Amino acid sequence: MLLDNYIQVAWRNLTSRKLYSGIKIGGLAAGLCVGILILLFVGHELSYDRWHKGSDKIFTLVNRLKLNTDTIQLEKFNYAIAPRIREEYSSVNDYSRISNALANDVVIQSVKNPALKDAEQNIMFADANFFSFFSFELKAGSATAVLQQPFSMVISEQMAKKYFGQTMAIGQQLLYDNKYLFQVTGIMADMPSNSSIKADFILSASSWNGMDALKTLVTDSRGNGGPFTVFLKLNNPTDATLLEKQLTGEIKEGEFPVRAILRPFIDTHKETTGQVRYLKLFPLVAGLILLMAFINYMSLTTANAFRRVKEISIRKSLGANYKHIAWQFYVESGIYALIAFGAAILLFVFLHNTLFARFDIKIDDRFLFNPIAISIYLGLLILTVLVSGSYPAFILSRYKPAEGLRLGKHRSVTKVLTVFQFVIAGILIVSSIIIRDQLHFFKHTNTGVNRDHILMLPFRSSIGTNYQTYKSQVAALKEVEGTGTARYPLYEGVDIWFVNDEESKSSYSLSVLQVDEPLIRLCDLQWKEKPIDLKLGASNTIVLNETAVRNLNIDRAPIGKVVKIGGLNKEVVGIVKDFNFSSLHRAITPLALFIEKENSLAWGKETSGCLYVKFSPRANLPGLLNQIDKIHAGIDPQSTFQYQFLDDAFNRMYKEENQLMNIFDGFTAITILIAALGLLGLATFSAEQRTKEIGIRKVLGANLGQLVLLLSKEFIKLVFVSLIVATPVAWYLMKLWLQQFAYRVELNVWMFMLSAALVLTVAIIAIGWQVLKAALRNPVTSLKITSD
Amino acid sequence: MIQLQKISKYYPVGLGRNFILKEIDLTINEGEFVSIMGPSGSGKSTLLHIMGLLEEPSDGQYLFEGERVDRMSEKKRTELHRGSIGFVFQAYHLIDELTVYENIETPLLYKNISSSERKSRVADVLDRFNIVAKKDLFPSQLSGGQQQLVGIARAIVSEPRVILADEPTGNLHSDQAKSIMELFKELNEKDKITIVQVTHSDVNATYGNRIIQIRDGHIRS
Numbered sequence: 001m002l003l004d005n006y007i008q009v010a011w012r013n014l015t016s017r018k019l020y021s022g023i024k025i026g027g028l029a030a031g032l033c034v035g036i037l038i039l040l041f042v043g044h045e046l047s048y049d050r051w052h053k054g055s056d057k058i059f060t061l062v063n064r065l066k067l068n069t070d071t072i073q074l075e076k077f078n079y080a081i082a083p084r085i086r087e088e089y090s091s092v093n094d095y096s097r098i099s100n101a102l103a104n105d106v107v108i109q110s111v112k113n114p115a116l117k118d119a120e121q122n123i124m125f126a127d128a129n130f131f132s133f134f135s136f137e138l139k140a141g142s143a144t145a146v147l148q149q150p151f152s153m154v155i156s157e158q159m160a161k162k163y164f165g166q167t168m169a170i171g172q173q174l175l176y177d178n179k180y181l182f183q184v185t186g187i188m189a190d191m192p193s194n195s196s197i198k199a200d201f202i203l204s205a206s207s208w209n210g211m212d213a214l215k216t217l218v219t220d221s222r223g224n225g226g227p228f229t230v231f232l233k234l235n236n237p238t239d240a241t242l243l244e245k246q247l248t249g250e251i252k253e254g255e256f257p258v259r260a261i262l263r264p265f266i267d268t269h270k271e272t273t274g275q276v277r278y279l280k281l282f283p284l285v286a287g288l289i290l291l292m293a294f295i296n297y298m299s300l301t302t303a304n305a306f307r308r309v310k311e312i313s314i315r316k317s318l319g320a321n322y323k324h325i326a327w328q329f330y331v332e333s334g335i336y337a338l339i340a341f342g343a344a345i346l347l348f349v350f351l352h353n354t355l356f357a358r359f360d361i362k363i364d365d366r367f368l369f370n371p372i373a374i375s376i377y378l379g380l381l382i383l384t385v386l387v388s389g390s391y392p393a394f395i396l397s398r399y400k401p402a403e404g405l406r407l408g409k410h411r412s413v414t415k416v417l418t419v420f421q422f423v424i425a426g427i428l429i430v431s432s433i434i435i436r437d438q439l440h441f442f443k444h445t446n447t448g449v450n451r452d453h454i455l456m457l458p459f460r461s462s463i464g465t466n467y468q469t470y471k472s473q474v475a476a477l478k479e480v481e482g483t484g485t486a487r488y489p490l491y492e493g494v495d496i497w498f499v500n501d502e503e504s505k506s507s508y509s510l511s512v513l514q515v516d517e518p519l520i521r522l523c524d525l526q527w528k529e530k531p532i533d534l535k536l537g538a539s540n541t542i543v544l545n546e547t548a549v550r551n552l553n554i555d556r557a558p559i560g561k562v563v564k565i566g567g568l569n570k571e572v573v574g575i576v577k578d579f580n581f582s583s584l585h586r587a588i589t590p591l592a593l594f595i596e597k598e599n600s601l602a603w604g605k606e607t608s609g610c611l612y613v614k615f616s617p618r619a620n621l622p623g624l625l626n627q628i629d630k631i632h633a634g635i636d637p638q639s640t641f642q643y644q645f646l647d648d649a650f651n652r653m654y655k656e657e658n659q660l661m662n663i664f665d666g667f668t669a670i671t672i673l674i675a676a677l678g679l680l681g682l683a684t685f686s687a688e689q690r691t692k693e694i695g696i697r698k699v700l701g702a703n704l705g706q707l708v709l710l711l712s713k714e715f716i717k718l719v720f721v722s723l724i725v726a727t728p729v730a731w732y733l734m735k736l737w738l739q740q741f742a743y744r745v746e747l748n749v750w751m752f753m754l755s756a757a758l759v760l761t762v763a764i765i766a767i768g769w770q771v772l773k774a775a776l777r778n779p780v781t782s783l784k785i786t787s788d
Numbered sequence: 001m002i003q004l005q006k007i008s009k010y011y012p013v014g015l016g017r018n019f020i021l022k023e024i025d026l027t028i029n030e031g032e033f034v035s036i037m038g039p040s041g042s043g044k045s046t047l048l049h050i051m052g053l054l055e056e057p058s059d060g061q062y063l064f065e066g067e068r069v070d071r072m073s074e075k076k077r078t079e080l081h082r083g084s085i086g087f088v089f090q091a092y093h094l095i096d097e098l099t100v101y102e103n104i105e106t107p108l109l110y111k112n113i114s115s116s117e118r119k120s121r122v123a124d125v126l127d128r129f130n131i132v133a134k135k136d137l138f139p140s141q142l143s144g145g146q147q148q149l150v151g152i153a154r155a156i157v158s159e160p161r162v163i164l165a166d167e168p169t170g171n172l173h174s175d176q177a178k179s180i181m182e183l184f185k186e187l188n189e190k191d192k193i194t195i196v197q198v199t200h201s202d203v204n205a206t207y208g209n210r211i212i213q214i215r216d217g218h219i220r221s
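Same order as they appear, the protein sequences are chains G and V. Residue 1 is where the first sequence starts when you use this note's numbering, and the numbers rise one by one after that. Residue 1 is where the second sequence starts when you use this note's numbering, and the numbers rise one by one after that.
Hint data in this document are derived by calculation from the structure and do not stem from the laboratory. The structure presented is a predicted model; accordingly, all values stated were derived computationally and were not measured. A few of these clues could be false.
Stated by the list, open to error - With a Cα cut of at most 30 Å, we get these calculated DSBU-like pairs of lysine-lysine:
#1 K111(V) x K134(V)
#2 K190(V) x K323(G)
#3 K310(G) x K111(V)
#4 K162(G) x K198(G)
#5 K135(V) x K18(G)
Unchecked claim - Stretch by stretch, here's where chain G covers chain V in the computed footprint (C-beta under 8 Å, at least three residues):
#6 76-88
#7 96-108
By construction, the Cβ of each residue, glycine as well, lies at the ideal position given by its N, Cα and C atoms.
With the hints as extra help, turn the sequences into a complete structure.
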């Protein structure tokens, strides 16, 4: 068969020129591996929640509140609102509620083996219809029955293994929060990575009537707010717009105008995580990298065309027409593509765990074999064959034996393709450098908070009045230099209060941090107007930051002014200099500090809080943490000991940028690799084609330097052209990217110089070897080679 | 069989034309063995390419068995190419990546001939040229004479009516050349294949039954 003939020729060509074939396949494989990775990621992101049956009919209720300039989104509601909506509107078929109120970090304990306990993160209360409303898979138990009874729970397979090992979990009991016994009525498959609802324990919401702390949440129906996320299943997705209007008319939130929004359930992930911001970029990057890999293949094949011209002429004289030749080169690129694809899959299999971890991506292994993933693989394979085979097939099939191959035109196409590759590489390198610089700036700029050597130790309300004992015992440790207390770990959230301005009849939102006075010293917050000690800690006083003073229009003589905040009159007693209490993405907003007395009983009495510990730079951390853990266990045995470093908490806010940086670094490396491979291939051919010329020049007296210059000049010129094109594009794109940050680095010449130097270095390394090899070759052999 | 009427081939140079062939009239009958001779650059290879449909004339008419080639459909021309014309080149032009067997088989593949028939035809030719033992070797493993033998084997395997040979012995020494020319003579006499060869050598030219001299694009008879 003709096909055999093509395959034979392709295979023998492939194996007889190993370096060249290796470059072609390596480039394609690297590109394909990245392509698979990115497309899988994008496919995974887009598949969120769509796998639920009738997912397009499910909507999440959200209320949007407008407060002058601020918009606040309320996503949690009381117990009563969902049944009422279903009652009143026939377009609503069903509802289901979930809540994680008092369900985070709760201790779950095995009854049989009390030593087996842990503070669990993914606990959720849900309505009885949860498993019939959604399509989560139950491994044991019936969907309609599992959550019917109070104090029943469904646990994930992973948790069943953790708490019950090999023994049957169904029918057994687990102790929740040291108080309540729940019976395991069902086992669910671990929730898929593409689910926006994530839980390991699902507890029946009807249990609340029997739980002291939560009982009131069920009965409380003042306002609309509450602890429940409300999902509505509509008869028809198109009813949503009308229902939104109807609900907007009905729901009120005090005196503020409210707009009800029905957010499609399938958009939950998109709307609630920031990752999607960069998601749009990914297919583009994947496309570019693939394109580069294809270009590599095409330009190498074309550059090699002169070697194949003889074969094509012979074939044409034996009766092949242009279709035969085109078909042959498609078959050939098909073979290369298949091998490259196999290599890419191997690479992916070995690297995907590392890569996912590095990019902070979670994708279930089973997603890798679902129809979406498989169509991605097949699509890529077909695309590779079609695109990478196209150009060689096109130019080689149109070659006329008697006219000779006019490589001139195609050589300039190859040049354009090479420039294109290096433009992309240049842009990516500049972007990488700038993202890196911005991240460095985030982490090292002075935010007005000294984050060094500070531990944050959240405590639960179960510590009660023993908090003071806990604190003083920790403070007494040798390696502890100071302690302070706040309501929350810093950067993990603030309370928002509203200030009513009597004069202008308007209200402002004000962030509030509840702290004690030592914390201000601990974090080195700077006073602008230090209050008199006596007034600190009094319940009717507040401290403002500079921005708040400015925004409240009390710049002149702010001290002593009375601000009506949350309906209470508070006297301004001091002013702190502005400091960044949230991420540097945003400018500093108005802030009030509620300062509690250090020795008061304000902490731990009813609510949770966070102990801040400044430790000595020379402290033995594992030892110190162990000591504190022991103290904590002695004072509050019910809750588990947790800690984080203030510096880590700060850095975590830039997770997204960090991820972006990792991804860009990876892509940049791959892009450079592919571009360098391409250049290496082209240099190899150029050196090969000019062997005779080099031999003659050498005989005529050219020295090594002149020959190297002669051979590399052309490529270096191309790289320079690429840099000239890449620089303004990168400048523009990064300017745009930086604009989203309130605090950002300035674009600088050095960034572009550095990337230009990098690109040039890579190019010189890529071509250097071949150029030197060609230039050093003995002219006697090089002239002999070409004489036959 | 082959009729050329006022065939010209030229390339534009500046405002004028550079003629390779100028108004050539030539008829070659079935069963002839024609030698075309002339100095380098006289246009003899171009003439052979035109006969073999590898190149198109700029002007004039070419009739193959009385039918105008320029009016044939692409399909018909391809058929003609595959079925009726065989080529032998000075530089042998074997495909380096294919074995002797595969090289000989290739034209049959383009003719869509069945696998069993291909096998028997290739085997016949290998046998006839006494190169069975070499069928699995690659061209680079053969001497020049052997390569040309394979080239001829490949030309006749599709049972053409005409063989067009472009200096078939140009790269061979005289002993090898002699046996190749005798092979051509045999093909012409026994198999009744029409042969047109381009040659420099007076000795080779004598194997044919007609010599055509070409100089500066004109035929001098």
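Hints and how they fare:
1. K111(V) x K134(V): Answer holds: K111(V) to K134(V) is near 24 Å, not above 30 Å.
2. K190(V) x K323(G): Not OK: K190(V) and K323(G) at ~36 Å, beyond 30 Å, violated.
3. K310(G) x K111(V): Answer holds: K310(G) to K111(V) is near 21 Å, not above 30 Å.
4. K162(G) x K198(G): Between K162(G) and K198(G) the Cα gap is close to 17 Å, so the pair holds against 30 Å.
5. K135(V) x K18(G): 26 Å, holds
6. 76-88: holds (count 4)
7. 96-108: Answer holds; 7 residues pass the 8 Å Cβ test.
The earlier numbered hint that this structure contradicts is number 2, and it is the only one.
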